[in-house]
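Place chains B and C on chain A using the hints.
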Amino acid sequence: MNAHNLIDLAELSKEDLDELIQLAGVIMDNPLNYMDDCHGKIIATLFYEPSTRTQMSFQTAMMRLGGRVIGFDNPVNSSVSKGESLKDTIRVISNYTDVIVIRNPYEGSALAASMFSKAPVINAGDGGHLHPTQTLTDIVTLWYEKGRLDHLTIGLCGDIKNGRTVHSLIKTLSKYEGNRFIMISTSQLQAPQYIIDVLEESGCEYSFSNSLEESISELDVLYMTRIQRERFASQEEYEAQKGIYVLDTQKLEKAKESLKILHPLPRVDEITVDVDYDPRAKYFEQAEYGMYARMALIVKMLANNSQKQLPPKIESTHNEMCRNPRCITSTESYLPNLFTTGEDGRLVCSYCEHELEK
Amino acid sequence: MNAHNLIDLAELSKEDLDELIQLAGVIMDNPLNYMDDCHGKIIATLFYEPSTRTQMSFQTAMMRLGGRVIGFDNPVNSSVSKGESLKDTIRVISNYTDVIVIRNPYEGSALAASMFSKAPVINAGDGGHLHPTQTLTDIVTLWYEKGRLDHLTIGLCGDIKNGRTVHSLIKTLSKYEGNRFIMISTSQLQAPQYIIDVLEESGCEYSFSNSLEESISELDVLYMTRIQRERFASQEEYEAQKGIYVLDTQKLEKAKESLKILHPLPRVDEITVDVDYDPRAKYFEQAEYGMYARMALIVKMLANNSQKQLPPKIESTHNEMCRNPRCITSTESYLPNLFTTGEDGRLVCSYCEHELEK
Amino acid sequence: MNAHNLIDLAELSKEDLDELIQLAGVIMDNPLNYMDDCHGKIIATLFYEPSTRTQMSFQTAMMRLGGRVIGFDNPVNSSVSKGESLKDTIRVISNYTDVIVIRNPYEGSALAASMFSKAPVINAGDGGHLHPTQTLTDIVTLWYEKGRLDHLTIGLCGDIKNGRTVHSLIKTLSKYEGNRFIMISTSQLQAPQYIIDVLEESGCEYSFSNSLEESISELDVLYMTRIQRERFASQEEYEAQKGIYVLDTQKLEKAKESLKILHPLPRVDEITVDVDYDPRAKYFEQAEYGMYARMALIVKMLANNSQKQLPPKIESTHNEMCRNPRCITSTESYLPNLFTTGEDGRLVCSYCEHELEK
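As you go down the protein sequences, you meet chains A, B and C in turn.
Sequential numbering of the first sequence, starting at 1, is according to this note's numbering.
Sequential numbering of the second sequence, starting at 1, is according to this note's numbering.
Sequential numbering of the third sequence, starting at 1, is according to this note's numbering.
Extracted from the complex, chain A is given alone in its bound form (with noise of 0.2 Å):
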């Protein structure tokens, strides 16, 4: 693996991926060969928002490879309700440790961290825009529950317009030779245009459903996720349609045997509870999964770290600066304005790749 921070999980080759599956499964084979392999080293959670599943994952994963943890869960305790910026508390922080592991409201937050970090940053989730270390579970967990990642047929049921997990894990398996994409969703939660534009330019089939029961037995992968009441346009609409989104034994019965379900947890109602005993349920095998592939992530990132320093100052590409107000430049005014320029000519801030308006 080349990439010294983890912060977009399109910035991995094919190459990266299967290295760290592949270590994730020698990991969760031999575990007592890992068990001291991060001995005397430390990684510090920064949890600007509370996340507690994502958080206690990080730790344990460090914890089971004889490593230490240090790091907060609430900013209110925190130096930075006392005003602190990002960049300081960074610079701090990356003295007394060896991997940088944060979360932050704020669309590229990770990426801004990791400007100021002598340690490697691994993006925990920055706002509604990344988070790669649920995509690594994600394909981990497909890996071996379907020993392949290519040539599957994968029903994405729920809010695919607002899911970014869904749309991180569209992107990666796009990648892969011959998978097939069924959306199954209302038309206001079907997915955003860019998804359509990554799946028309990979050459992979998708389609669209709006009825899960009726796509069901196609499938060799349903991954569900949340569908939030206070998306829909009217309280009618969505007592309408909840039911079509409800995974239940039921609709089960019309799917393979050979169906695996996954799901980015925590869960409300969307899948019944009596689905938790059907051998096809793979949703907490996928929180053990996410175990590994972050213990892999982790040995392979220190691996790569010789030796702590500094990155270079990063100077602004250009005077405008991102209006993009949940993106992190909008509250840390010290940050260098970097822009890309997209296919039509637009420019696109590569913190939280929203497009500049003119």
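One should not assume that every hint holds.
Any copy will do: because identical chains look the same in the list, a pair fits if it lies in one copy or spans two.
Below, a list of computed lysine-lysine pairs in the DSS-like style, where the Cα atoms sit at most 27 Å apart [stated by the list, open to error]: (1) Lys308 x Lys146; (2) Lys242 x Lys175; (3) Lys87 x Lys242; (4) Lys41 x Lys300; (5) Lys251 x Lys87; (6) Lys254 x Lys313; (7) Lys175 x Lys251; (8) Lys313 x Lys251; (9) Lys313 x Lys256; (10) Lys161 x Lys41; (11) Lys300 x Lys175; (12) Lys87 x Lys308; (13) Lys87 x Lys313; (14) Lys300 x Lys313; (15) Lys171 x Lys87.
Since the hints were derived computationally from the structure, they do not count as laboratory data.
For chains B and C alone, kept in the frame of chain A given last:
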């Protein structure tokens, strides 16, 4: 020790208890022999309500065994606040850890957790119901301070009506021969009928007293508890009686030299601070015994736990549902209805031990 | 090092300080030699008010020595909120741990804690009173950045009146020969009389300045601190002066090449971010030196600590009680009244060092 989980101390035989007591002593005498006993192992302390004392005691116990700790103490920060069920949290976290320690304000919550956990579960307090490791702490303290658990005159002072630790201690010590209980309290806060039933059945001598001063000279053990203002019918009655249940050096003058004073802590003002310097005061040592007791428990549990496995699905035994609003079944609707039939033929909820009202 | 606790840096001799400085350097050069030095040991970080920076520095220090950490950072979640006294908390937790690190908003709280602790106590900040490990950090930074602690011209800039870290640094550096202090501030925020007394007694040269720009060229060391709007008599005065105490690259042009800039952090805007890239800026390195300083302190303290023992009971020296509302004695009524007699014959509280008002 045969038990896989520790939900209720009553599940342990006298032989099990004796094993734990002996092991606590061995660890106390040779802590260095155990400092790496749990190397590579993890416990999760899931505290749905804060209890710094109990949580730190478990954390320290695991760390002194060379193991690691994950967990939370703040339900607001946890996935719980996103509406995740207890079941899903336990399913995920029991993938990460080797033992789960749970504290939850609902009665029966630890039993419920154990139904979905691949790892053994320790009940660290389920509402006003049970708190078995506190009683284990008390028993270990008595054994090493008195040299025996039988033929003791035990004074229990304060709130005997509501104190779950007092009930559990009476239930446990009444199994040993020749013990005699003096319950020192106001008439409003005296022992409930079911504790009297336990004592009657055990054949132990017992009596009631409303004066600590009058009873103290007879005691081998004095177990003090907090007595709360709000438990009294009126402010006058509280004022009139409160001094009677405060242990001070003057009252101690009448006590035996061999008396041992215990208190589950935290105390408020029911023991004056000058008593702390009396060699008979053992409540701070008790906290230390509690650490060794928990170390012994963790060692035994991990020795048992050969292969992590999901428990088999449990089906409802009855159609009725428990109506106790503090029972875990009142918030976690997927739990099976489980009842046993009491002596009078009424149904008793297996989670909270409340009788089902007709 | 002879001291059992570290409550006040003034308790350490120059030899003690030198020992700590040298050891910090040895650890810095050979961290792997110390990675298991505290294997099997535990520190407790009891933070009655949050200070993520300081707490993480201690946690990291202990973890880099192979030890374990328990503690809290949120008094709301702790037994404290159930009305437990400081004494009881310390009695219990000092049974669990090998060192106690305490931060508490009341002045003298660390001294009070040390009276009831079986384990050595480190003061991590007791209100506006003392914060010895910050000064230890400053001293270690100076030694390794300047190569000496004497014959330095030290500029202290910002709030010299209220800054406890500035006072402590002056007190410590005034013990070394040939140091010269320039206190750069507004007249309202200049050094208090007792600091002037310390300087007079030490024989060190000192002067006052109200312009950073004018004084900067003379300095070997510039110690910046936060200057708070609310300290000024009026908004106008703040606006008029605030730029004077902001360090920017323009002011730095007049400074020596060998200048070293320190800041206890977190900064707000008293140093502009472009200064961070100047090689003279050492405030982020200072945080790293702080970690090594704390590692050295913990190693020394644990080496001292042969047998854990409760300190002997201390009796009041006087009947009078301290009347400082921020003194720990104002909330913990069981503490003995302890006073020393100052030079003018007035009584000085041993906890908070306030003179007893007649």
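Taking the hints in turn, this is what the structure says about them:
| no. | hint | in the structure |
| --- | --- | --- |
| 1 | Lys308 x Lys146 | between (39 Å within a copy, 23 Å between copies) |
| 2 | Lys242 x Lys175 | neither (32 Å within a copy, 56 Å between copies) |
| 3 | Lys87 x Lys242 | between (44 Å within a copy, 23 Å between copies) |
| 4 | Lys41 x Lys300 | both (13 Å within a copy, 22 Å between copies) |
| 5 | Lys251 x Lys87 | between (50 Å within a copy, 23 Å between copies) |
| 6 | Lys254 x Lys313 | between (57 Å within a copy, 24 Å between copies) |
| 7 | Lys175 x Lys251 | neither (30 Å within a copy, 54 Å between copies) |
| 8 | Lys313 x Lys251 | between (56 Å within a copy, 21 Å between copies) |
| 9 | Lys313 x Lys256 | between (54 Å within a copy, 24 Å between copies) |
| 10 | Lys161 x Lys41 | neither (40 Å within a copy, 41 Å between copies) |
| 11 | Lys300 x Lys175 | within (23 Å within a copy, 50 Å between copies) |
| 12 | Lys87 x Lys308 | within (17 Å within a copy, 42 Å between copies) |
| 13 | Lys87 x Lys313 | within (12 Å within a copy, 48 Å between copies) |
| 14 | Lys300 x Lys313 | within (26 Å within a copy, 39 Å between copies) |
| 15 | Lys171 x Lys87 | neither (30 Å within a copy, 32 Å between copies) |
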